[in-house]
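A.B. asks: Chains Y and G supply the protein sequences, listed in that same order. With the first letter of the first sequence counted as 1, position 105 gets the number 104 in numbering that gives the first Met the number 0; the numbers rise by one all the way through. With the first letter of the second sequence counted as 1, position 143 gets the number 142 in numbering that gives the first Met the number 0; the numbers rise by one all the way through.
Calculated directly from the structure, the hints in this document are not laboratory data. Bear in mind that the values here come from a model prediction, so they are computed numbers and not experimental data. All the given hints hold, so there is nothing to weed out.
Derived lysine-lysine pairs resembling DSBU-like cross-links, with alpha carbons at most 35 Å apart:
#1 G/K41 <-> G/K141
#2 Y/K26 <-> G/K133
#3 Y/K139 <-> G/K141
#4 Y/K59 <-> G/K133
#5 Y/K18 <-> G/K41
#6 G/K141 <-> Y/K128
#7 G/K41 <-> Y/K8
#8 Y/K139 <-> G/K133
#9 G/K141 <-> Y/K133
#10 Y/K133 <-> Y/K187
#11 G/K133 <-> Y/K84
#12 G/K209 <-> Y/K139
#13 G/K133 <-> Y/K133
#14 G/K133 <-> Y/K106
#15 G/K41 <-> Y/K106
#16 Y/K128 <-> G/K133
#17 Y/K59 <-> G/K41
#18 G/K41 <-> Y/K84
#19 Y/K26 <-> Y/K187
#20 Y/K187 <-> Y/K59
#21 Y/K8 <-> G/K133
#22 Y/K106 <-> G/K141
#23 G/K133 <-> Y/K187
#24 G/K141 <-> Y/K84
#25 Y/K128 <-> G/K209
#26 Y/K106 <-> G/K209
Chain by chain, the residues:
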Amino acid sequence: MILEMNNIKKSFGELDVLKDISLYVDKGEVVSIIGPSGSGKSTLLRCATFLETIDSGEIKYMDRAAAWTDESGAAAYLPPAELRKVKSCYGLVFQQFNLFPHYSVMKNLVDAPVSVQRRDRGEAAEEAKALLIKMGLADKADAYPCQLSGGQQQRVAIARALAMNPEILFFDEPTSALDPELTGEVLKVIRQLADENMTMVIVTHEMAFARAVSDRVIFMDGGVIVEQGDPESVLGDPAEDRTKQFLRNYQR
Amino acid sequence: MTFWTICAQLLQGLGSSLMIFVLTLLFSLPLGLLVCLGRMSKAAPLRGVMRFFISILRGTPLMLQLLVVCYAPYYVFGCRLTTDWRFMAIIIGFVVNYAAYFAEIFRAGIESIPAGQREAAEVLGYTRNQTFRKIILPQMVKRVVPPVTNEVITLVKDTSLAFVLAYSEMFTVAKQIAAAQTNVAPLFVAGLFYFIFNGVVAWGMERIEKGLAYYS
Chain Y
0 MILEMNNIKK SFGELDVLKD ISLYVDKGEV VSIIGPSGSG KSTLLRCATF LETIDSGEIK
60 YMDRAAAWTD ESGAAAYLPP AELRKVKSCY GLVFQQFNLF PHYSVMKNLV DAPVSVQRRD
120 RGEAAEEAKA LLIKMGLADK ADAYPCQLSG GQQQRVAIAR ALAMNPEILF FDEPTSALDP
180 ELTGEVLKVI RQLADENMTM VIVTHEMAFA RAVSDRVIFM DGGVIVEQGD PESVLGDPAE
240 DRTKQFLRNY QR
Chain G
0 MTFWTICAQL LQGLGSSLMI FVLTLLFSLP LGLLVCLGRM SKAAPLRGVM RFFISILRGT
60 PLMLQLLVVC YAPYYVFGCR LTTDWRFMAI IIGFVVNYAA YFAEIFRAGI ESIPAGQREA
120 AEVLGYTRNQ TFRKIILPQM VKRVVPPVTN EVITLVKDTS LAFVLAYSEM FTVAKQIAAA
180 QTNVAPLFVA GLFYFIFNGV VAWGMERIEK GLAYYS
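In isolation and in its complexed conformation, chain G is listed as follows:
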């Protein structure tokens, strides 16, 4: 197996990792905002539920959560485990886990906005909804870009956990080739690919940060 065929196989694995990455971000960011609103709600029961949900998701390994999501339907309802379901389970597991982290980041962002902003909006007669949408949310987004960047970069590397559900993401592919060829080089090439992937992510997030730098 030549170096280039190894690279081609790894790139295919990278495509699978990218799929998890994109779908997770697409759903976990909005879900995180909803969880955050629940966590900050006036209704104490909802707040309690969200706090519990977040503590479980942050307090247990993501790998275990993936296994639970994947196998729970089989053990509880006796459903068959299809390949499609495995992929769905991976996405659900990642989305829910990352939503919990994003929710706490968003909460910190909202709480760091001076009370005067909300008060000024209130006196001007904005509704609660308008105040959140027009005044609080845009300022929160600016404040959370750096911590969100951290999570997004972690997510790139976490995609390798999908191996527990037998999904051929890049690192799984790298390990298979390494084992077959009795050569560690594929692992390092995979490492290089993760590094480049994250370089692109960091660059993109920096652009967003700069785009929001027009005010302070």
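Bound-form chain Y, shown alone:
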């Protein structure tokens, strides 16, 4: 098991955003999470990537606990240095790309492997070049993010995450900031990664894409997992009324 989240609870003040959620991701699995805005999808990803701290529950990467609930009932995390090691298991692609604007495309890809993972600069640069070719951005190595289109920036962001050689890649609405024309080029890259058996968790509003690319689809609403299963059943023939209603509204 690459990722295991057990009984995750998270609230912002009075608002319970995640109500006892459990999520498992196996090696090579592509899991899509769909659901209305405010259903807790993004918060779940942010908890999995330690951008938010959980209130209680357990998070395991590669069968090793990174966060757990201690005797007092509060969440405990590994110390920062240990947690940084766990962080090299995963990568996160943001809705807003969040590339480093003062670094060239190449430096965006090479800096973290060199200064965080202490890898050899030459080797990291070779790998970064190969990733850029794969993303169809071989000629953009020396460009700065502001010189690229949104679709190109997002592909660089995917390459930056892949440069860390993660076991699992999270996508937080990777195409929501893009116009329809640019959406296609990003989805194509993600599909290509799925074909290579990259383990991925994708929060998305692209239903057709989720259906085509996922091994499993999770429908979330109101901080709980309402329904999950293979894409054909969840998206084609949902069992729950709430899922049906959501998909009906979506098709309009």
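Got chain Y sorted already, so can you dock chain G onto it with the hints?
C.D. replies: Structure of chain G alone, referenced to chain Y:
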């Protein structure tokens, strides 16, 4: 006294003003960054102290601060006031005052950087230190150049306040000549020199701004 000897004397005064200017910038920019980090620290007491320190320095006249720095050792410890100490007091007073202003400019710069930058660095496993040094600081520098330029230009003119500690900076010299000659021309010449000085400063800062324009 000819026009040229007046100019020569003013230029000598300008050298003294320049000394305050250079030393103040040299020390107040790094000190400002430290104060800014304290002001944004997680430790509430440190944050409170810095906030208080900044409010005092921004809320009272620089001239008064110079007097306090210069005469406090005499009143508190009974130290003798030497010429060297007067100059030191001027530099300390200017540095501390400008550090307070720079700290607030730096804080605004850091807070204007989107949260996503810090988050992206965090997910990639950068330490807090690396995130600040490699991701936040360079972007902050670019954002603060225009407001820092404002402060630097103000500093050029503020050097004239050193007169309260009997330091012969350019404006003090200009007033002395004007009084002795009963002629206001030296004051205008000094004004022209300040203007040229600031023209050079503005040009330099614009170069820095352009140098950082390779990304947006």
